[in-house]
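Protein chains in written order, with this note's numbering: chain A, 25 to 438; chain B, 73 to 978.
Calculated from the structure, these hints are not laboratory results. No residue lacks a Cβ here, since even glycine has one placed at the ideal position from N, Cα and C. Errors might be hidden in some of the hints.
Partner residues aside, some chain A positions facing chain B, computed with beta carbon under 10 Å [claimed, not checked]:
{"hint": "1", "residue": "L158"}
{"hint": "2", "residue": "L159"}
{"hint": "3", "residue": "R311"}
{"hint": "4", "residue": "E318"}
{"hint": "5", "residue": "I321"}
With a straight-line cut-off of 20 Å between C-alpha atoms, the simulated SDA-like cross-links for lysine to any residue are [said to hold, decoys possible]:
{"hint": "6", "chain 1": "A", "residue 1": "K90", "chain 2": "B", "residue 2": "C638"}
{"hint": "7", "chain 1": "A", "residue 1": "K90", "chain 2": "B", "residue 2": "P558"}
{"hint": "8", "chain 1": "A", "residue 1": "K242", "chain 2": "B", "residue 2": "L460"}
{"hint": "9", "chain 1": "A", "residue 1": "K240", "chain 2": "B", "residue 2": "Q456"}
{"hint": "10", "chain 1": "A", "residue 1": "K90", "chain 2": "B", "residue 2": "D555"}
{"hint": "11", "chain 1": "A", "residue 1": "K360", "chain 2": "B", "residue 2": "G557"}
{"hint": "12", "chain 1": "A", "residue 1": "K284", "chain 2": "A", "residue 2": "N310"}
{"hint": "13", "chain 1": "A", "residue 1": "K125", "chain 2": "B", "residue 2": "T94"}
{"hint": "14", "chain 1": "A", "residue 1": "K426", "chain 2": "B", "residue 2": "H507"}
{"hint": "15", "chain 1": "A", "residue 1": "K77", "chain 2": "B", "residue 2": "S792"}
{"hint": "16", "chain 1": "A", "residue 1": "K240", "chain 2": "B", "residue 2": "T94"}
{"hint": "17", "chain 1": "A", "residue 1": "K240", "chain 2": "B", "residue 2": "C638"}
{"hint": "18", "chain 1": "A", "residue 1": "K360", "chain 2": "A", "residue 2": "K320"}
{"hint": "19", "chain 1": "A", "residue 1": "K125", "chain 2": "B", "residue 2": "L497"}
{"hint": "20", "chain 1": "A", "residue 1": "K90", "chain 2": "A", "residue 2": "Q369"}
{"hint": "21", "chain 1": "A", "residue 1": "K406", "chain 2": "A", "residue 2": "D395"}
{"hint": "22", "chain 1": "A", "residue 1": "K77", "chain 2": "B", "residue 2": "A90"}
{"hint": "23", "chain 1": "A", "residue 1": "K240", "chain 2": "B", "residue 2": "H507"}
{"hint": "24", "chain 1": "A", "residue 1": "K248", "chain 2": "A", "residue 2": "E278"}
{"hint": "25", "chain 1": "A", "residue 1": "K342", "chain 2": "A", "residue 2": "N310"}
{"hint": "26", "chain 1": "A", "residue 1": "K360", "chain 2": "B", "residue 2": "D555"}
{"hint": "27", "chain 1": "A", "residue 1": "K379", "chain 2": "B", "residue 2": "R450"}
{"hint": "28", "chain 1": "A", "residue 1": "K284", "chain 2": "A", "residue 2": "L334"}
{"hint": "29", "chain 1": "A", "residue 1": "K242", "chain 2": "B", "residue 2": "P558"}
{"hint": "30", "chain 1": "A", "residue 1": "K296", "chain 2": "A", "residue 2": "M347"}
{"hint": "31", "chain 1": "A", "residue 1": "K242", "chain 2": "B", "residue 2": "D555"}
{"hint": "32", "chain 1": "A", "residue 1": "K125", "chain 2": "B", "residue 2": "G557"}
{"hint": "33", "chain 1": "A", "residue 1": "K125", "chain 2": "B", "residue 2": "Q456"}
{"hint": "34", "chain 1": "A", "residue 1": "K240", "chain 2": "B", "residue 2": "A90"}
{"hint": "35", "chain 1": "A", "residue 1": "K426", "chain 2": "A", "residue 2": "K240"}
{"hint": "36", "chain 1": "A", "residue 1": "K242", "chain 2": "B", "residue 2": "G557"}
{"hint": "37", "chain 1": "A", "residue 1": "K379", "chain 2": "B", "residue 2": "A307"}
{"hint": "38", "chain 1": "A", "residue 1": "K320", "chain 2": "A", "residue 2": "K296"}
{"hint": "39", "chain 1": "A", "residue 1": "K240", "chain 2": "B", "residue 2": "P558"}
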Amino acid sequence: MAQRAVWLVSHEPGTPLGGTVRFSRRYPTVEKRARIFNGASYVPIPEDGPFLKAVLFELRLLDDDKDFMESRDSCSHINKTSIYGLTVGGEELWPVVAFLKNSMIYACVPLVEQTLSPHPPLINISGISQGFELLFGIQDFLYSGQKSDSELNAKLNQLPDLLLQACPFGTMLDANFQNSLDNINFASVTHPQKQPAWRAGTYKGKPQVSISITEKVKSMQYDKQDIADTWQVVGTVTCKVPVPPILGFYQVKEEEVQLKIAINLKLHESVKNNFEFCEAHIPFYNRGPITHLEYKISFGQLEVFREKSLLIWVIGQKFPKSMEINLSGTITFGTKNQEKQPFDQICIGGTAYLKLHFKILDYTLTGCYADQHSVQVFASGKPKISTHRKLISSDYYIWNSKAPAPVTYGSLLL
Amino acid sequence: MGPLSREAWAQRLSAFRASPSTSMAGPEGEDLGRDLLSDLRSEKLSEQTKVGLQVSPALARVFTPARTELHLRNFLLNSPSQVSLLALSLEYPAQLWPDAATAEAAATSLLDTLVLLPPRPSALRRPLLLAATTALAVGGALGPTSEASCRLLPLLLGLAMGRDLGRGFGPTSEQRPLQATACECLRELESCKPGLLGGSLGLLRSLLGQEGPVQPLSLLLALALRNTLVLQSRAGAGLQGLLMTKVFPTGSGPWDWTLTEDDTHLQPQIPSWPAAERECGAAALEPSLEEAKELRAAVAQLLDTSYLLTPVAQAQLLWLLGWALRGLRGQPPALFKPQLVRLLGTAQLTLLHAVLALKAAFGEALFTAQDEALLLRRLTLAAQHPSLSPPTHLFYLHCLLSFPENCPLGPEGEEAAPLLLGPRLCHGLLPSLLHDPMALLARLHLLCLLCAEDEEEEKGQIQTPQRYLQELLAGLQQRAALDGGPRALATLCFQASYLVARYLGGQPLVLTPLIHGLAKLYRARPVLAPHFVDLLDQVGPELGEPLRVMLWQEVVSRRGTDEALCWHLQLLAKVVDGDSQSATLSFLQDAAAYCTDWVLQQALLRVCRALLRVSGGGGLADLLQALARQLEDPDGRDHARLYYILLAHLAGPKLGVALGPSLAAPALASSLVAENQGFAAALMVQEAPAPIRLSLGPSRAEGPLPVLQLQVEVLQPIYSLELRFQVEGQLYAPLEAIHVPCLCPGRPAQPLLLPLQPRCPAPAQLDVRALYTTPTGLTCHSHLPPLSVNFADLFLPFPQPPEGSRQSFFEDLWDSCLPKGAESRVWCPLGPQGVKPFVSRHLEPFVVVAQPPTRYCIAIRLPPDSRLLLQLDSAQADGVPVALRTDDWAVLPLAGDYLRGLSAAV
């Protein structure tokens, strides 16, 4: 359950090395155990330079994908998890937990307390989930409230000390780095009573319990006879619902140099017509900039992003009384410029979608809610109880019904 | 040397971090560890530190100690100070103090520094404890003979117990963090030296029951308990009341090391589960009733307060306790049951993972079928929950396919969809083109497993998952066909094809559309040829063979003038085979005219080479001849010629081996270089012991020149045998080599004829070498034992004169020998049969006049132009006087020897 080493590598495309090691920490006592446990299959932790090269290559983050390279592009070289084997000095360093987020690669090497050949199943290695939590913890710490590069640098400078608190010997004590920071800052406070390790400092404010239910609704709408529309609601409570909140269709016809589009959206009568926001994003991929647009709109405003070849239909807080709104228009595009206009692998030819973004507060599709009077807290003091509900769209697509669209499994089963 | 300035240290540390190995190899490398320790204690560096803290004593009066600490920390963080020196010693002790002696010295020095710290808040105490612990554990110094160990262990235990260690140990504000740190240090030492705290189990238990910090103590106790149980069960001993002893182990005497284990035998904490089963089954500990009760109490105590721990620490505790209880007989895992109610609903990755570990460890004994179904449902949802990160999704998906079922059906260790995971539950887990590559592949794997099960249920009919799979693959192919799209898209398409071929190789309903789709993809984007070659290399024949044929058709149906010619040739070299050679050849003939540069010519030649391997034939020979004339590049021409020569001279099997791929050399761009080591080995002559035996048969004594008859026997089949002879001393003219196409052991061979051209009539030794091909296609060279050509082997008869003139013919010869020649007489003893059989046996072909039983006239021609004449007259019972004459005096002694040899044989 311990980690042998941890790294943060910034991915810098276009630079000679392709990245920089921003932080690394090795755990020699764990390394010593690894040498004994792994026996003949032991591969030592590399220095930062070779690690950087190997991890960028394995995550396909080096720029040179011009030529086929067997060690990277072979069809049998399949990674189905974020756990990799890195080739370092002709040997395979495994398992390396690594992922890229916000141009930063988070990586660590969990200790495996047995031989590595053959690789034991990942599910049997406790250090894998511990490694993930460590990396997520670092990620949360670096990006919580962080706005600028200088703030990021300041946080990176704090990391060695934080890890000395949260993970002094490679075995993690707390994945919440904010707690460790509090631990340092409130080191003087003595704790007479038994207290959870995840709450190191004593909180001076009013005790309160907040229960919030967030549902995310996904939808795929095709407006086709042979393909069923799908929707899925996930949240703190997961269940199926009878309808998606907004039903619609999207039709795109290509006529010589221009596209004709028609959109219809209808809010289901059972859904609360009070949005925090509601927008339909209508992107046009693999085309040039929008040079000319004529449109008719029954409700809301249309924002045009010419260079990005994007339309945003701002619907606002409410649907009109009819619950139904329309947009139709004709769009002409200029010459495609690979660098400026977005490329998409799916929206080829007539394949196109619009994506809905909305949020409704104090509402859940499932009707699920928490009753603040029924919440019991077993602790001294009387905390204030508050409850929240909200519905958020997540991957809410309406596909052009006049062209092929990627079908999800559910659409076929039904 | 005085202490380094802060800047100098900063420089030195950053140089070291950039590359420890280079830095250690440098001039100052060896001294780094020593300098570091001495500067940690140096007054000067602490003065520098004090400079940054000038305000802090004043602040200390105004602010709380915590604020002072914060200032101190911030200062230390931003300057390369003692803390960064300590940080280095925490990460690189193995480099700084590589052996036990230096590690011991380093730990001693660190402990001295710790003791000498002034009794005010300091950021150094914690890292000093960690550093001393690390140095001892890593350097292998930890043990009863190490003084530093004997100082550190009681110190740590004392701190962990919250004992007052006196003013030297800093203000009370630091006691609590130090207590936790001491626990962590002890836990690390116990990890590296299992059993170290075996004697302190009771003490740790009682501490946990009082006001000690819960998390550090829980984890320490759990680890010590687990290690003790493992060690004691291996030693066949019980717990020996260790859980109840509450004595400070160093109260009066030295630390108890008897329970520790040699650290070279660290036991896997979490080996693969089935292995653990066997291992523990063999050495299961059966505690006494009393011990079992205490053990249960200790475990229950740990579990009851476990909710106070951070999630990651709870997970560690569960892994440890699960492992500890596994090896115990009669310890029902029901102790975990109350925790499960809480844990089955966890949203924490580490905790869910730990629950799965418990599931694997205890199965039905702890988890009901409903629990199992609930876990599966939770995993299924967690693997797609939008609020979790993609790496988490993928890990859960992996857990799902490796799910430890109560009643597993499939083979152990293979990924499979759990029985309870039906298609309905999997709904949201199936791949779509919108997923990123890793998610798509992971989900595709699941889909393949579902399709495989589906097929078992209803053979023949096309099922929905299969249909969905087809659509998905078509979508992937369409994306890969995008002109100018990133290579990753193509790679993904081929990875998906590989997965499908691997799991659904037996389903033609899936494979057929896949193959057609791939062929279409090639038509759209021949630039993907390397991917196709790779796919054909990796997949089994179910997909590979039909795909190969399809792609071959795809290529040869093109005109060779296509701008993607280079890719066509690359693919053709992979997919070509012996059938329908004419289509391939006509494609190549067309293509040849467009192969204007070296790269294309090499690609073309590589196809020829592939054709050479699988077949041959006149068409190919014609093409190669044409190429040898027509190609612009001399390298290409040479190559075509070489292939032509190989084709013309080597038999099929040998060609195959000669041109076969070599395992040793990587594939390179040039076909010339690609004639790699395997090729070279196949064409190079290997020295080998001879599997051939040669012997001389009877001489023939006819014709114008002497001819040796060689009998040959072989021990193994050999082909293309060439025997080369060399005459010692140039007594004969150089001999022609003998060629034999094929020889097999046990099959009688015709004698081989070796004509000799003597330069003088003398016996000689022939040096013999054999060159041949083995059945494996290697060409070998062997040195055979020399062959002796005897004097008699050179004998030839004179042409027989007409019947009436024989006497005079002989007399003319006899007279012509003198005066330049020589004459001699010898007595030749005869056997009991007399002279007649003697003559007929040895000299029959050379007899000119025979008047048995008394007189024989014998004339022998000795090439190049000598003669030997013998007259056997008035033979007696025991011998015959032989008069001999020769025109070459040098022959006389040889003839004498010959006759004496004949007599001796009698």
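Practice prompt. Could you tell me which of the hints above the structure violates, numbers in ascending order?
Written response: Of the numbered hints given earlier, those the structure breaks are 3, 4, 5, 13, 14, 15, 16, 17, 18, 19, 25, 27, 29, 31, 32, 34, 35, 36, 37, 38 and 39, listed in rising order.
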